Amino acid sequence: MNILVCISKAPDTTSKITFTDGNTKFNEDGVQFIVNPYDEWYALVRGLELKETLGGKVTIISVGGADYEPILRKALAIGADEAVRIDANPTDSNQVAAELANYAKANNFDLVLLGKETINYNGSQVGGMMAAMMDVAYVSNASKLDVAGTTASIEREKQGGTEVLEAQLPCVISAAKGMAEQRIPNMRGIMAARSKPLNVVAASGATALTETVSYTLPDAKGAVKLIDPENVAELVNLLHNEAKVI
Amino acid sequence: MNVLVFADSFNGSAVKAAHEAASYGAKIANGGNTSIVTYGEISESSLNELASYGITNILHANVINDMDPARLAKLVEAAANETGAEVVIFSHDYTGKSVAPMLAARMKAGLVTGVIDYPSTDGSFTVKKAVFSGKAFAEVKFNTEKKVISLLPNSVGKTKVEASANVTVFNPDLGASSVTIKEFKAKGGEGILLTEAELVVSAGRGLKGPENWGMIEELAKELGAGTACSRPVSDIGWRPHHEHVGQTGIAIRPNLYIAVGISGAIQHLAGVNGSKVIVVINTDSDAPFFKAADYGIVGDAFSVVPKLIEAVKEFKAAQA
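So the sequences go chain by chain: S and R.
Take the first sequence: its letters are residues 219 to 464, numbered as in our numbering.
Take the second sequence: its letters are residues 7 to 326, numbered as in our numbering.
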């Protein structure tokens with residue numbers, strides 16, 4: 219089975235978020251970048267598990283500049299067979315999805331996996347866009363995935379419960395918690411990753427349809443108002459009269 | 007301008023978030039037509055309630071009921087063409103997250119998801135969304151004539167107006183479903199859907215064991231709140247996974263979030279920092295959650311929560 223896993227890079231969860239250039243650019247100074255956790259822990263690891271039982275190949279792919287390569291090497295160290303970097307500096311999801319879909323269509327993948335969202339833009343956009351551009355089925359937020367023949371069996375969380383469904387390959391599936399467990403790369407994997415192929419391909423020239431014009435930080439939270447544990451009725455009073463939430 | 011709102015349905019009614027999306031759509035239309043497209047089994051009273059937010063037309067695809075995002079995207083595209091919509095609104099919930107990106111790709115429209123406020127239409131069409139797991143906001147400008155927006159639930163509220171809508175059965179040819187639904191396992195128990203709850207009571211490891219959740223459920227019931235939990239608690243199986251809020255669980259933005267015995271790790275905060283008011287109850291006065299809280303009680307949950315339940319009961323009795 220020929221599996222494509224889309225990888226995004228994201229600032230580590232504990233990063234301090236600040237902006238530069240008049241609040242128009244994310245300040246990358248001192249920020250540690252990681253593989254977006256949903257792409258890594260769930261999509262990539264489940265892709266590797268499927269390859270281990272069914273045979274085939276796992277290719278990872280990103281749309282980005284040379285700064286993406288350490289992230290791709292890390293994903294290779296976890297066990298992907300080869301990496302592709304589409305050389306572009308995309309500014310919105312449409313541009314990313316169009317580049318990825320273009321590559322996926324040209325290279326006949328059976329299954330495209332990616333995380334349900336990135337932790338920096340929280341958009342949940344690229345998977346659905348890719349599926350529409352490739353004209354294949356899309357299942358989002360999957361917490362379980364198995365493949366037999368050309369049928370993918372999936373469980374996904376949705377409004378009010380869990381849906382059990384099937385889709386025919388090729389398809390695009392976005393991964394949520396539950397699909398797999400995080401794998402920590404070992405020394406052998408890290409060494410092997412250095413010699414695995416990382417192919418840089420030219421972008422097809424897809425364009426962005428939206429642009430981020432500025433960022434703002436939330437207003438600083440005022441100090442917490444502490445309430446005497448012997449007088450919890452005061453909390454109810456404050457929630458009703460001051461915060462007006464009950 | 008003409009606006010189209012997608013309303014998801016569940017158990018015979020439009021979901022709660024769809025009401026807010028309808029009200030949001032009518033405000034944006036600003037005198038233009040606001041239409042709704044919905045699907046599946048949905049009662050007449052639910053359709054009438056949707057209409058009351060200032061809706062002109064409701065297009066109802068009553069022959070499809072499975073949530074295949076590819077077909078729903080085709081349905082919404084057909085409805086957008088039918089109504090001449092320039093802007094299409096979704097709720098940023100499970101269904102919206104699946105369908106909106108497919109629709110945007112089909113329509114070659116710009117898409118901004120997780121929007122938290124009304125657009126600014128002064129010169130350009132710009133919307134505000136939360137980014138970096140709630141640690142910042144971005145202003146995003148559309149460069150396309152057609153625009154798709156998904157609205158983060160509980161962001162702008164809703165306003166009813168005197169209105170009634172024309173309801174039209176709308177079943178364009180959508181082709182075969184690209185997925186086969188085998189089974190739907192409804193979440194057990196009564197209670198309020200966490201993603202729709204305006205008030206949420208949540209608890210963590212400080213509760214010491216699953217047998218102690220009775221008081222959390224009772225407090226939630228008295229308040230009319232949903233229940234949630236921290237990641238460690240769902241990982242060790244004290245509570246079901248669907249209650250897990252935080253970075254890898256679900257993100258919520260209720261009006262009130264009460265956290266009991268949760269230290270407030272940054273990954274947990276990422277799922278709840280959009281809450282309007284946060285109350286933290288913890289024995290440890292150094293728990294990081296207090297820094298993100300509006301109100302706090304440094305005390306033992308086993309003594310504070312029962313007192314809080316009594317205080318809420320007294321408050322309700324006084325209000326009645």
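Warning: the hint list may mix true and false statements.
[Unchecked claim] Computed cross-link-like contacts, DSS-like style, restricted to lysine-lysine with a CA-CA straight-line distance of at most 25 Å: (1) R:227 / R:141; (2) S:227 / R:147; (3) R:193 / S:376; (4) R:313 / S:462; (5) S:323 / S:414; (6) R:313 / R:214; (7) S:414 / S:269; (8) S:462 / R:22; (9) R:80 / S:323; (10) R:22 / S:443; (11) S:376 / R:164; (12) R:319 / S:462; (13) S:443 / R:297; (14) R:193 / S:362; (15) R:297 / R:33; (16) S:243 / S:439; (17) R:313 / R:297; (18) R:313 / S:227; (19) R:193 / R:33; (20) R:147 / R:114; (21) S:462 / R:166; (22) R:164 / R:282.
Rather than coming from a laboratory, the hints here were simulated on the basis of the structure.
These numbers come from a predicted model, not from an experiment.
Status of the hints after comparison with the structure:
no.: 1; hint: R:227 / R:141; result: violated, 31 Å
no.: 2; hint: S:227 / R:147; result: holds, 23 Å
no.: 3; hint: R:193 / S:376; result: holds, 10 Å
no.: 4; hint: R:313 / S:462; result: holds, 21 Å
no.: 5; hint: S:323 / S:414; result: holds, 23 Å
no.: 6; hint: R:313 / R:214; result: holds, 19 Å
no.: 7; hint: S:414 / S:269; result: holds, 17 Å
no.: 8; hint: S:462 / R:22; result: holds, 21 Å
no.: 9; hint: R:80 / S:323; result: holds, 21 Å
no.: 10; hint: R:22 / S:443; result: violated, 32 Å
no.: 11; hint: S:376 / R:164; result: holds, 24 Å
no.: 12; hint: R:319 / S:462; result: holds, 17 Å
no.: 13; hint: S:443 / R:297; result: holds, 10 Å
no.: 14; hint: R:193 / S:362; result: holds, 17 Å
no.: 15; hint: R:297 / R:33; result: violated, 36 Å
no.: 16; hint: S:243 / S:439; result: holds, 23 Å
no.: 17; hint: R:313 / R:297; result: holds, 24 Å
no.: 18; hint: R:313 / S:227; result: violated, 47 Å
no.: 19; hint: R:193 / R:33; result: violated, 34 Å
no.: 20; hint: R:147 / R:114; result: holds, 15 Å
no.: 21; hint: S:462 / R:166; result: holds, 21 Å
no.: 22; hint: R:164 / R:282; result: holds, 16 Å
Hint compliance for this structure: hints 1, 10, 15, 18, 19 are broken, all remaining hints hold.
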